[in-house]
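Protein chains in written order, with the working numbering: chain F, -13 to 480; chain L, 582 to 678; chain V, 19 to 514.
The reader is advised that the hints may include incorrect statements.
[To be verified] Now the in silico label distances, taken between C-beta atoms and shown as ranges:
{"hint": "1", "chain 1": "V", "residue 1": "387", "chain 2": "F", "residue 2": "242", "range": "25 to 33 Å"}
{"hint": "2", "chain 1": "V", "residue 1": "104", "chain 2": "L", "residue 2": "601", "range": "36 to 44 Å"}
{"hint": "3", "chain 1": "F", "residue 1": "97", "chain 2": "L", "residue 2": "631", "range": "21 to 29 Å"}
{"hint": "4", "chain 1": "V", "residue 1": "389", "chain 2": "F", "residue 2": "159", "range": "25 to 33 Å"}
[As the list claims (entries may be wrong)] For lysine-lysine, the following BS3-like pairs were computed, each having C-alpha atoms within a straight-line distance of at most 30 Å:
{"hint": "5", "chain 1": "L", "residue 1": "670", "chain 2": "F", "residue 2": "124"}
{"hint": "6", "chain 1": "F", "residue 1": "158", "chain 2": "F", "residue 2": "-3"}
{"hint": "7", "chain 1": "F", "residue 1": "74", "chain 2": "F", "residue 2": "158"}
{"hint": "8", "chain 1": "F", "residue 1": "74", "chain 2": "L", "residue 2": "670"}
{"hint": "9", "chain 1": "L", "residue 1": "670", "chain 2": "V", "residue 2": "113"}
{"hint": "10", "chain 1": "F", "residue 1": "220", "chain 2": "F", "residue 2": "74"}
{"hint": "11", "chain 1": "F", "residue 1": "460", "chain 2": "F", "residue 2": "442"}
{"hint": "12", "chain 1": "F", "residue 1": "124", "chain 2": "V", "residue 2": "113"}
{"hint": "13", "chain 1": "F", "residue 1": "-3", "chain 2": "F", "residue 2": "220"}
{"hint": "14", "chain 1": "F", "residue 1": "460", "chain 2": "F", "residue 2": "447"}
{"hint": "15", "chain 1": "F", "residue 1": "107", "chain 2": "F", "residue 2": "158"}
{"hint": "16", "chain 1": "F", "residue 1": "220", "chain 2": "F", "residue 2": "107"}
{"hint": "17", "chain 1": "F", "residue 1": "349", "chain 2": "F", "residue 2": "107"}
{"hint": "18", "chain 1": "F", "residue 1": "74", "chain 2": "V", "residue 2": "113"}
{"hint": "19", "chain 1": "F", "residue 1": "294", "chain 2": "F", "residue 2": "158"}
{"hint": "20", "chain 1": "V", "residue 1": "313", "chain 2": "V", "residue 2": "323"}
{"hint": "21", "chain 1": "L", "residue 1": "670", "chain 2": "F", "residue 2": "220"}
{"hint": "22", "chain 1": "F", "residue 1": "220", "chain 2": "F", "residue 2": "124"}
Just so you know, the hints here were simulated from the structure itself, not pulled from any lab data.
Where is the CB? At the ideal position from N, CA and C, for every residue including glycine.
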Amino acid sequence: MTVTYEAALQKYEPVFGLETHVELGTVTKMFCGCTTTFGTEPNTQTCPVCLGLPGSLPVVNARAIEYAIKIGLALNCSIASWCRFARKNYFYPDMPKNFQVSQYDEPLCTEGYLDVAVGGKTVRVGIERVHLEEDTGKSLHVGGATGRIQGAEYSLVDYNRAGIPLVEIVTKPVPGTGFLAPEVARAYVTELRDVLRTLSVSDVRMEEGSMRCDVNTSISLIGSGAWGTRTETKNVNSLRSVERAVRSEVERQAGVLDEGGRIRQETRHFHEDSGVTTSGRSKEEAQDYRYFPEPDLVPVAPDADWVKTIGASLPELPSARRARLIEAWSLSELEFEALRNAGALDAVEATVAEGASPVDARKWWLGELARRANDAGIEVSELSITPADVARVAALVAAGTLNDRLARQVNDAVLDEEGTPDEIVAARGLAVVSDDSALTSAIDDAIAANPDVAAKIRGGKPQAAGVLVGAVMKATRGQADAARVRELILQRLA
Amino acid sequence: MPITRDEVAHLARLSRLALSDEELDHLAPQLDQIIASVAQVQEVAADGIPPTTHATGLVNVYRADVPVPCLTPEQALSGAPAVELQRFKVPRILVEE
Amino acid sequence: MSELTRKTAAELAAAVTAGEASAEEITREHLDRIAAVDDEVRAFLHVNRDDSLAQARAVDQRRAAGEPLGPLAGVPVAVKDLFTTVGMPTTCGSKILEGWRPPYESTVTSRLRAAGAVLIGKTNMDEFAMGSSTENSGYGPSHNPWDLAKVPGGSSGGSAAAVAAYEAPLALGTDTGGSIRQPASVCGIVGTKPTYGGSSRYGVVAFASSLDTPGPFGRTVLDTALLHAAMSGHDPLDSTSIDAPVPPVVEAARHGDVAGLRIGIVSEFSGDGYQPGVMSRFTEAVELLESLGAKVTEISCPHFKYALPAYYLIAPSEASSNLARFDGMRYGLRDGHGSAEEVMAASRAAGFGPEVKRRIMLGAYALSSGYYDAYYGKAQQVRTLIIRDFDAAFGQVDVLVSPVTPTTAFPIGERADDPMAMYLADLCTIPTDLAGNAAISVPCGLAAEDGLPVGLQVMAPPLADDRLYRVAAAVEAAFTERWGHPLLDEARGLAR
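Produce the entire structure from the sequences given, and follow the hints as far as they go.
Rendered as structure tokens:
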């Protein structure tokens, strides 16, 4: 029986958690000197170490440790003064050694948090741990209908990706978000992605797999005081999918419980096309990974001074920037979120730096320019118009040289790469006619053409002037200051 | 505590060893004997004694994030029982990880 | 046997460097010796015939061109088949790697090549270094040159046999629980387990990562020291490799001296289970040391009796993980049909021998959730206590001594299917491996009951490897003088 999300939330409260794997943007792999370039020919970036050939040994990439500490500090974690790598033992063809070098009970970073803004409110998502591990190879499954494992006849394995450093970021369970659970989950992943991008530790492209999310979801009866059995959903490949995965799991679990069933603790697979999850490996036959400390590696004991230096060198994080801009520009939370969601923060900030007012900068970037970017299917930052251009146009409007309509024309021309705003204004002669005498003949013509309107105005109805203003604007191809035209008309007919 | 034949069979599965019944019959009692013997370590009073995983006392051994020439695909695939499209060809995988 | 094969490595290197002997001729003579005796000794899995002659010729060419030569110029070295070598197969004594040719070379063998050594072949061993007799080899056992019906020890039994049979003056082995010292002892030659981390494990197929130590075999203490020095030193490719200068082992080997040295006899290493002839030779060796000026006392190391069970938890645990990679997917034997899971399990069942299977399952058991603390965890604590026993002992003495192994070479087949009996061979050697210290086996006579060799074990703290060679050299010189000839001269059937 299908249950709608709304119906489910009448009875149940959701709890979710997220495990995010991030491929670090180091030049070389976690334990060897192979390069990490994406999209190269198969098995062209391998060596005895990342292939796990007999006799090979790992050596830790110092930059991977540095990046992991950076991430931990940005997420307000404690950094371990001493920790080790551990082996996670299981058999799988895309893991050359049939164990993964990871961290088990001694993660590098613990006990942090990330504040996330949703609908104007702040939710603090607890971070359980941040640890390092190595990525696996990639398999092509051949012979089945869907390219997935089910029904495949054989698989082809490429180990280029094996050994690339991964950071795993695990949240604590997030209760108490109620109806907004899917949005909060999405907002967390979005904010996390922004933090990671700001730190320059990964290119965090979900569509390329450099950021992967597993979503844990459970529900329980409202007020029951206990948490339900959780499922893990994999193959969540976009921000939108994060939101949909939480929503659909809540619906599914509510349906099961409503019918008196039991939630199985299992791994589920998210389907982009249908938006639902299907059952995968049952977690109840829990794998015994036989973790033990990695004997081929020695402990990692980051020097306290080193950690401090890393902390001091952190760039301004998204949350700090948010607080700063909200104050500097007198924004509401929602106004800020609109800017952030439009991807226009950098553009607006740069435009303000070029001298525009925050109000003007926001108006242009959030309005017309965001529309243009959307239509072209690109980010605002990819438009052909620069913050300097926008600031110049805003300055021309403020100076009275352009009005809004003319400004839009200039912007369009800049986007069409006709040149700078000044060049365009000059080339097209778009400046507002500001010389009153130049307007006189157009005003006289308009009055002459509309005698009854003129008579009304003389008779004490100045509101009738609109028709004449319109006529003058048309005659001047919009290059007049409408307010000034109106003034002059009323003076004439006073 | 003796180890049963079933437990030994479980260990074999965990270790991806397809043992025949005869092998299981032969190995299980031997394992039982060995486990009983190594269990002697439990006689040692070791409260508060830290475990030693590394005898050398080394910490913080790193390498710089600088590329090193890698194997050619031919070298990487040189021992492979089966190759297709410059990848390692493996039989169909039953359970997804 | 020719003149050249009777020479020591030191003599050969000196002769080649001085231009008095041709490296090619030396290698040829050794290849002839191998052809003459290896059908019976079965030390080698692969004889590197054409390539070793080419290596030797290259040495001769360098000398002719006046280029500098390394310390082992022209000296043939036999290599345990656990080291990856380009151009030669590496089987680790296992059917699962039959015919595998690694695409990369181990650091240790690279260094030997750079030192001018000629890698003459790969030697037989217990499968994946698990065993004390080579009977666990997937290719049949090697035979002790002293008595072909006896084992040469293990796991580096092929290397020890090769050296004892004069097939090569030097050989490489690895020691994890005693796998260099015990074969050296039962074959009447010298063998050292260096300080853990003193020689690189890069390219040494892993058995127990925190214990495996590559090391040298030789017929003399000096020869062994020469190989020890050439193979050792820090390697950035091995994170567990020690970044410190190699102890001055060659210097020490040239100046054997024990006057004033404090020597401790480990009291736990005697009693029931020790062959009387072994204990007699050991006692004599201690008396010899005293006569040379050493101060001998008895030291108790109470936790040493737990070393064997701790080792047989730690080593199989690490091995169970290290050997997981052998699944027929990327290299090695692929057997069976069906799914990847089925093929992996069938390949491993077909490719691994019973001892390897036992230890893999034992390791899986010890690491299982629920059992970890009581087994693996506990064993690591015992390891700490053993290290503390050593620390306390070395606070009172400079070296410890004991027999190397409780018996002389036992007959082939006697313990082959009795794992517990086989494990007892490692009783005296294991504590050093757990602690990561250095130890040497040097011949100290023949047991009266069977006329088979007995070795004296000398143990030193980490990085004090030179101390071993100083003591061993003194023992060797004194005994050789007493016997009138090197011990190996007593072996029947070796002189052909």
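### Query
Between residue 220(F) and residue 107(F), does the CA-CA distance stay at or below 30 Å?
holds, 28 Å
### Task
Could you grab the alpha-carbon distance between residue 460(F) and residue 442(F) and see if it respects the 30 Å cut-off?
holds, 21 Å
### Task
Starting from residue 107(F), check that the Cα of residue 158(F) is at most 30 Å away, please.
Distance of about 19 Å is within 30 Å: holds.
### Message
Hinted pair, alpha-carbon criterion (30 Å max): residue 74(F), residue 670(L). Please report holds or violated.
### Response
Within the cut-off at roughly 24 Å; holds.
### Pair hint residue 670(L) and residue 220(F), alpha-carbon separation not exceeding 30 Å
holds, 25 Å
### residue 242(F) and residue 387(V) - C-beta distance against the hinted 25 to 33 Å
Hint holds: Cβ distance 29 Å, inside 25 to 33 Å.
### Message
Check the hint pairing residue 670(L) with residue 113(V) against an upper bound of 30 Å on the C-alpha distance.
### Response
holds, 22 Å
### Query
Keeping to a limit of 30 Å between CA atoms, is the pair of residue 124(F) and residue 113(V) held or broken?
holds, 29 Å
### Message
Holds or violated: residue 294(F) and residue 158(F), Cα atoms, limit 30 Å.
### Response
holds, 26 Å
### Query
Under the criterion that the straight-line Cα-Cα distance not exceed 30 Å, is the pair residue 349(F), residue 107(F) satisfied?
Holds, because 24 Å separates the two Cα atoms, which is no more than 30 Å.
### Cβ distance range 25 to 33 Å for residue 389(V) and residue 159(F), holds or violated
holds, 29 Å
### Straight-line alpha-carbon gap residue 220(F) to residue 74(F), limit 30 Å
Given that 30 Å is the threshold and the Cα spacing comes to 19 Å, the pair holds.
Every hint from the earlier list agrees with this structure, and none is contradicted.
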